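Asks: Protein chains in written order, with UniProt numbering: chain Y, 1 to 257; chain D, 1 to 257; chain U, 1 to 257; chain Z, 1 to 257.
Think of the hints as simulated: they come from the structure by calculation, not from any bench.
Owing to the predicted nature of the structure, the values given are computational and were not obtained by experimental measurement.
Heads up, a few of these hints could be off.
[Claimed, not checked] In silico DSS-like links for lysine-lysine, alpha-carbon gap of 27 Å or less: (1) Y:K237 x Z:K138; (2) U:K3 x D:K138; (3) Y:K153 x Y:K16; (4) U:K16 x Y:K19; (5) D:K255 x D:K52; (6) U:K16 x Y:K153.
[Unchecked claim] Some chain Y residues flagged as far from chain Z (calculated, every beta-carbon gap over 12 Å): (7) K16; (8) L57; (9) S120; (10) S125; (11) V127; (12) L128; (13) M129; (14) F132; (15) D155; (16) H179; (17) D208; (18) G214; (19) T221; (20) S225; (21) D228; (22) T234.
[Unchecked claim] What follows is a set of in silico ranges between Cβ atoms, one per label pair, in the way DEER data are often shown: (23) Y:Q15 x D:G173: 32 to 38 Å; (24) Y:D191 x Z:I37: 48 to 54 Å; (25) D:H150 x Z:L256: 26 to 32 Å; (26) D:D183 x Z:G159: 40 to 46 Å; (27) Y:E151 x D:H150: 43 to 49 Å; (28) D:H150 x Y:D191: 15 to 21 Å; (29) U:R166 x Z:G159: 46 to 52 Å; (30) Y:L256 x Z:I216: 17 to 23 Å; (31) Y:K141 x D:H241: 54 to 60 Å; (32) U:K19 x Y:Q178: 48 to 54 Å; (33) D:P35 x Z:L256: 35 to 41 Å; (34) D:S95 x Y:E151: 33 to 39 Å; (35) D:G173 x Y:D152: 22 to 28 Å.
Where a beta carbon is used, it is the ideal one built from N, C-alpha and C, also for glycine.
4 protein chains.
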Amino acid sequence: MIKIIVSGFNGSMGQKVVKMINDSADMQLVGGFNPVINDLDPKSYGLPDDVKIFSKLEDINLKADIWIDFSIPSAVFDNTKFAIEKGIRPVIGTSGMSEEQTTILKKMADDKNLGGIIASNFGLSAVLMMKFAQTAAKYFKESEIIEKHHEDKIDAPSGTALNTARLIYEARGNDQIQHSSDDPMNTRGGDYHGTKIHALRLPGFVADEEVIFGGIGETLTISQSTTDRQSFMTGVKLAVHEVMGKNQLIVGLEKLI
Amino acid sequence: MIKIIVSGFNGSMGQKVVKMINDSADMQLVGGFNPVINDLDPKSYGLPDDVKIFSKLEDINLKADIWIDFSIPSAVFDNTKFAIEKGIRPVIGTSGMSEEQTTILKKMADDKNLGGIIASNFGLSAVLMMKFAQTAAKYFKESEIIEKHHEDKIDAPSGTALNTARLIYEARGNDQIQHSSDDPMNTRGGDYHGTKIHALRLPGFVADEEVIFGGIGETLTISQSTTDRQSFMTGVKLAVHEVMGKNQLIVGLEKLI
Amino acid sequence: MIKIIVSGFNGSMGQKVVKMINDSADMQLVGGFNPVINDLDPKSYGLPDDVKIFSKLEDINLKADIWIDFSIPSAVFDNTKFAIEKGIRPVIGTSGMSEEQTTILKKMADDKNLGGIIASNFGLSAVLMMKFAQTAAKYFKESEIIEKHHEDKIDAPSGTALNTARLIYEARGNDQIQHSSDDPMNTRGGDYHGTKIHALRLPGFVADEEVIFGGIGETLTISQSTTDRQSFMTGVKLAVHEVMGKNQLIVGLEKLI
Amino acid sequence: MIKIIVSGFNGSMGQKVVKMINDSADMQLVGGFNPVINDLDPKSYGLPDDVKIFSKLEDINLKADIWIDFSIPSAVFDNTKFAIEKGIRPVIGTSGMSEEQTTILKKMADDKNLGGIIASNFGLSAVLMMKFAQTAAKYFKESEIIEKHHEDKIDAPSGTALNTARLIYEARGNDQIQHSSDDPMNTRGGDYHGTKIHALRLPGFVADEEVIFGGIGETLTISQSTTDRQSFMTGVKLAVHEVMGKNQLIVGLEKLI
């Protein structure tokens with residue numbers, strides 16, 4: 001039985017994590033953490049009596065296997081440090097850490113031979129899409145990326161689209177061919193080392209992404225569509241199982257696949 | 001039997017037109033015109049003996065019902081004027097005429113109660129896509145356009161994409177809502193009165209176009225794909241039949257549908 | 001101000017309808033009906049004091065403009081009859097009425113010059129898709145339909161897919177060409193007068209539908225995707241406004257578009 | 001310089017191969033073979049003087065590195081046997097060999113440490129699609145396949161669709177979950193160990209294939225589209241280069257990727 005503490009247990013993603021744990025025969029929720037709550041009664045959150053609720057890191061005195069964190073950018077570094085020090089394997093979905101912070105945490109965990117993962121995207125379809133794009137990039141010299149999100153997403157392009165372009169560039173080791181273009185309206189998209197990125201913002205979409213590779217007389221398209229953020233839990237569950245058998249901190253779900 | 005003269009009969013599109021006529025039980029090729037040829041023997045072009053070949057407009061002395069023109073921008077205005085004067089219904093696929101020239105020709109034909117058509121796109125799937133987009137625009141306030149063409153197409157966006165955006169704007173009568181955006185890489189596409197246009201250029205595509213309409217919890221997508229330019233002949237054939245029963249010059253195949 | 005009674009006001013769709021009414025400046029919820037409730041206090045349902053709650057048809061003594069019904073198949077006929085008798089325009093989304101019942105209700109409403117609508121699908125994207133398919137069917141002789149739904153949908157094909165095939169057949173007036181086929185695994189789909197229908201059932205989909213028309217060298221695809229059933233409310237809202245100006249009962253949202 | 005003999009050099013695919021060789025700086029066409037020709041003059045086929053043309057296997061006395069075969073099912077086994085005996089690496093695109101024949105040829109080549117490949121599909125996009133599907137099958141328990149081909153393709157499903165289903169099944173090691181279904185029209189597709197296959201036949205398509213994987217709240221789609229059979233030459237070229245460094249006969253282009 002894998003014993004789990006959830007940081008941010010009563011937030012939007014945290015509640016999905018708790019549900020995933022309850023639905024998994026080999027996982028047990030042992031603790032919930034959130035620094036901004038006063039009520040420490042598990043029943044107030046619909047949780048069984050034997051789950052301990054904490055609002056201070058220093059009070060956490062449980063033995064646990066896994067620390068799942070979907071909290072907030074300002075807290076995630078200290079949370080993860082705490083977990084590693086206690087020998088609890090971190091599974092971190094909270095975004096916002098600097099590259100430097102990630103490096104520190106990785107060294108800490110690796111020194112203790114402690115498994116763990118920090119990932120910006122736990123969506124399996126997105127992670128596989130990126131992985132496949134890396135391979136396809138070796139065989140197709142030209143590619144473009146289209147991402148489609150709901151109208152309230154302000155930043156463009158999405159992190160996944162940009163990451164995909166970066167992985168394509170790294171796989172190729174050189175810039176993509178540029179075709180001459182007469183484009184007064186700026187319709188040819190954003191450029192990342194020659195791979196064009198196009199971002200759409202429309203109601204009706206949650207989060208879709210596609211990479212198109214073009215060659216003589218053929219195209220190859222890898223696309224993923226998210227219709228419900230519950231999808232992330234499939235990746236979290238996979239990560240929990242995988243890091244139990246690892247002895248270092250991994251950055252990116254694609255490294256586990 | 002509909003008697004037809006083809007201007008540009010031995011060019012790439014002209015040859016497709018000749019084939020379409022030969023494959024149609026109710027059409028007959030009576031003449032071919034091209035000002036840059038010397039050889040006026042129909043057999044040199046694989047045509048039957050009773051087809052007359054001309055290299056000068058003034059030599060054309062045939063009675064014909066239809067003048068199909070897939071020639072060159074610099075010649076199309078004079079060709080069409082000639083056809084109308086002779087009472088031959090023009091079916092014009094050659095691009096490059098100014099709005100002023102089109103207006104002059106329309107007045108000439110309308111005054112003579114002569115049917116005819118000038119169209120920039122004879123692809124039925126593209127024309128229907130534009131027509132449907134006009135209707136959908138009344139029910140969906142937000143839309144974006146993606147067009148994908150082969151890597152050698154230099155201009156962006158395509159005429160069809162821009163026309164579609166124009167028709168959407170006219171159907172709505174107002175600019176589309178703008179969402180705030182943080183887009184340092186310019187990935188949000190070209191803007192036509194709020195409708196964003198995205199152009200892709202990759203080998204493997206011939207000419208694809210899609211319009212996406214987004215509303216609360218749903219999207220509607222109208223897309224067309226061209227895999228062979230022979231597709232235009234379906235529209236030319238339709239136009240030939242339709243203009244036989246018209247008594248004015250029509251601009252745009254969508255007006256016949 | 002359009003005064004509305006909602007039948008099935010506290011069901012899954014009913015609650016969406018109530019929210020839509022509350023979000024609309026020109027609509028007012030005046031009553032809620034459900035025969036299986038005991039509690040008639042509007043506050044128990046989060047509704048304001050001036051909304052009357054009823055559990056018996058005969059108790060409903062309100063003046064109202066519109067009766068929206070998302071209840072159950074066994075009740076909808078009597079509900080609609082009641083509304084028409086009272087001079088309240090019906091907007092019916094509940095499925096399950098026979099053709100005979102629909103005919104009776106239509107006659108009743110038409111005799112009173114009362115506007116109304118009975119529709120199996122209030123999704124605008126689905127309704128427009130069907131409408132466009134009817135037009136495209138006149139220009140393309142061949143088409144196939146693909147529908148994709150969540151894994152729990154037992155019946156196949158979907159009502160929308162079958163309706164689309166029916167509308168295509170009616171628009172053409174004849175069966176679609178059959179190509180000879182060697183298909184031992186039965187992969188060519190279900191057949192409706194020559195138009196093939198393919199049904200997919202996979203987690204991750206809510207309700208998607210696409211119609212593909214194929215011609216020489218080109219395809220035209222009309223597709224719609226539902227990511228949230230809240231989408232139906234756009235169609236219900238449209239219907240409410242439209243039937244206020246009608247004097248007969250309309251069957252099918254496509255007739256209003 | 002890689003010296004190549006092309007079997008079926010003047011057929012439809014053979015001519016594409018010859019063009020590919022001529023366009024490649026490191027390849028040289030040294031011979032052409034076709035048992036049904038009488039004219040052995042290379043100029044008759046638009047080939048340079050130093051290319052030898054043969055109509056009998058036993059006459060072929062050239063030193064060559066590669067034997068590319070796009071001929072006919074009844075001849076390919078003997079052709080390949082001949083090539084292996086002569087120490088010429090076979091690159092075989094001709095379909096129609098039995099599993100037994102393939103095994104014999106593989107043993108022959110392997111015993112001589114001779115590189116070579118027999119592949120039913122040289123389309124890189126199709127081969128990558130199959131490869132990615134194998135990986136995705138490990139993470140997604142449910143998938144369906146759609147293939148779309150021109151109306152003249154009689155057999156259904158396509159070899160690529162069936163192969164993809166087989167690879168998915170092998171990757172999972174067990175049958176896919178079956179959902180209960182009420183499907184009187186047979187719209188749920190053909191079944192291969194639980195993975196459903198849907199085949200469309202419409203004008204306008206050349207050869208398209210897509211695999212859809214569904215999970216909770218997300219889908220992953222890998223699709224490939226062929227617009228011109230010239231696309232196969234990218235895979236043939238890759239195969240030529242790869243088998244130069246191999247010492248056994250490989251079955252399936254995916255093994256080289």
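Asks: Next, verify each hint and record whether it holds.
Replies: Each hint, compared with the structure:
The hinted pair formed by K237 (chain Y) and K138 (chain Z) meets the criterion: a straight-line CA distance of about 15 Å does not exceed 27 Å. Our distance criterion of 27 Å between C-alpha atoms is met by K3 (chain U) and K138 (chain D), whose separation comes to about 26 Å. The hinted pair formed by K153 (chain Y) and K16 (chain Y) meets the criterion: a straight-line CA distance of about 22 Å does not exceed 27 Å. A threshold of 27 Å between alpha carbons decides the hint, and for K16 (chain U) with K19 (chain Y) the separation of about 25 Å falls inside it, so the pair holds.
With a C-alpha separation of about 32 Å, the suggested pairing of K255 (chain D) with K52 (chain D) is violated against the 27 Å cut-off. Of the supplied pair hints, the one linking K16 (chain U) and K153 (chain Y) holds, its CA atoms being roughly 24 Å apart against a limit of 27 Å. Taking the minimum C-beta to C-beta distance to chain Z, about 10 Å, the non-interface status of K16 (chain Y) is violated against the 12 Å cut. No beta-carbon of chain Z is positioned within 12 Å of the beta-carbon of L57 (chain Y); the least distance is around 32 Å.
For S120 (chain Y), the shortest C-beta to C-beta distance to chain Z comes to about 16 Å, beyond the 12 Å cut-off, and the non-interface label holds. Against chain Z, the non-interface label of S125 (chain Y) is violated: not every CB pair exceeds 12 Å, the least being about 4 Å. Consistency note on V127 (chain Y): stated as away from chain Z, yet its beta-carbon is not over 12 Å from all of that chain's, at 9 Å minimum. Not every C-beta of chain Z lies more than 12 Å from that of L128 (chain Y), the closest at about 6 Å, which undercuts listing it as non-interface.
At roughly 7 Å, the least C-beta separation between M129 (chain Y) and chain Z is not larger than 12 Å, which violates its mark as non-interface. A cut-off of 12 Å between C-beta atoms contradicts the statement that F132 (chain Y) is not in contact with chain Z; the least separation is 5 Å. Consistency note on D155 (chain Y): stated as away from chain Z, and its beta-carbon is indeed over 12 Å from all of that chain's, at 21 Å minimum. Listed as outside the interface, H179 (chain Y) is consistent with that label: its C-beta sits roughly 18 Å from the nearest C-beta of chain Z, beyond the 12 Å cut-off.
Non-interface call for D208 (chain Y) relative to chain Z: violated, since the shortest CB-CB distance, roughly 9 Å, does not exceed 12 Å. A beta-carbon of chain Z is positioned within 12 Å of the beta-carbon of G214 (chain Y); the least distance is around 9 Å. For T221 (chain Y), the non-interface assignment is contradicted: its Cβ lies about 5 Å from the closest Cβ of chain Z, within the 12 Å cut-off. Not every C-beta of chain Z lies more than 12 Å from that of S225 (chain Y), the closest at about 5 Å, which undercuts listing it as non-interface.
Annotated as non-interface, D228 (chain Y) brings its C-beta within 12 Å of a C-beta of chain Z; the closest such distance is 3 Å. The claim that T234 (chain Y) is not at the interface with chain Z is violated, since a C-beta of that chain comes within 12 Å of its own (minimum 5 Å). The given range of 32 to 38 Å is broken by Q15 (chain Y) and G173 (chain D), whose C-beta atoms sit roughly 45 Å from each other. Taking 48 to 54 Å as the suggested C-beta distance range, the pair D191 (chain Y) and I37 (chain Z) conforms, at roughly 51 Å.
The supplied range of 26 to 32 Å is met by H150 (chain D) and L256 (chain Z), whose beta-carbon atoms lie about 28 Å from each other. The beta-carbon spacing between D183 (chain D) and G159 (chain Z), approximately 44 Å, falls within the hinted interval of 40 to 46 Å. Between E151 (chain Y) and H150 (chain D) the CB atoms are about 32 Å apart, so this pair departs from the stated range of 43 to 49 Å. Checked against the given bound of 15 to 21 Å, the beta carbons of H150 (chain D) and D191 (chain Y), roughly 19 Å apart, stay inside it.
The hinted window of 46 to 52 Å between R166 (chain U) and G159 (chain Z) is violated, with their beta carbons roughly 34 Å apart. L256 (chain Y) and I216 (chain Z) have their C-beta atoms about 18 Å apart, which keeps the hinted 17 to 23 Å range intact. Take K141 (chain Y) and H241 (chain D): their Cβ atoms lie about 45 Å apart, and the range 54 to 60 Å is violated. Checked against the hint of 48 to 54 Å, the pair K19 (chain U) and Q178 (chain Y) passes, with Cβ atoms roughly 50 Å apart.
Roughly 54 Å separates the CB atoms of P35 (chain D) and L256 (chain Z), a value that falls outside the hinted 35 to 41 Å. Restraint check, S95 (chain D) to E151 (chain Y): a C-beta distance of roughly 36 Å satisfies the suggested window 33 to 39 Å. Our hint of 22 to 28 Å for G173 (chain D) and D152 (chain Y) holds, since their Cβ atoms are close to 26 Å apart.
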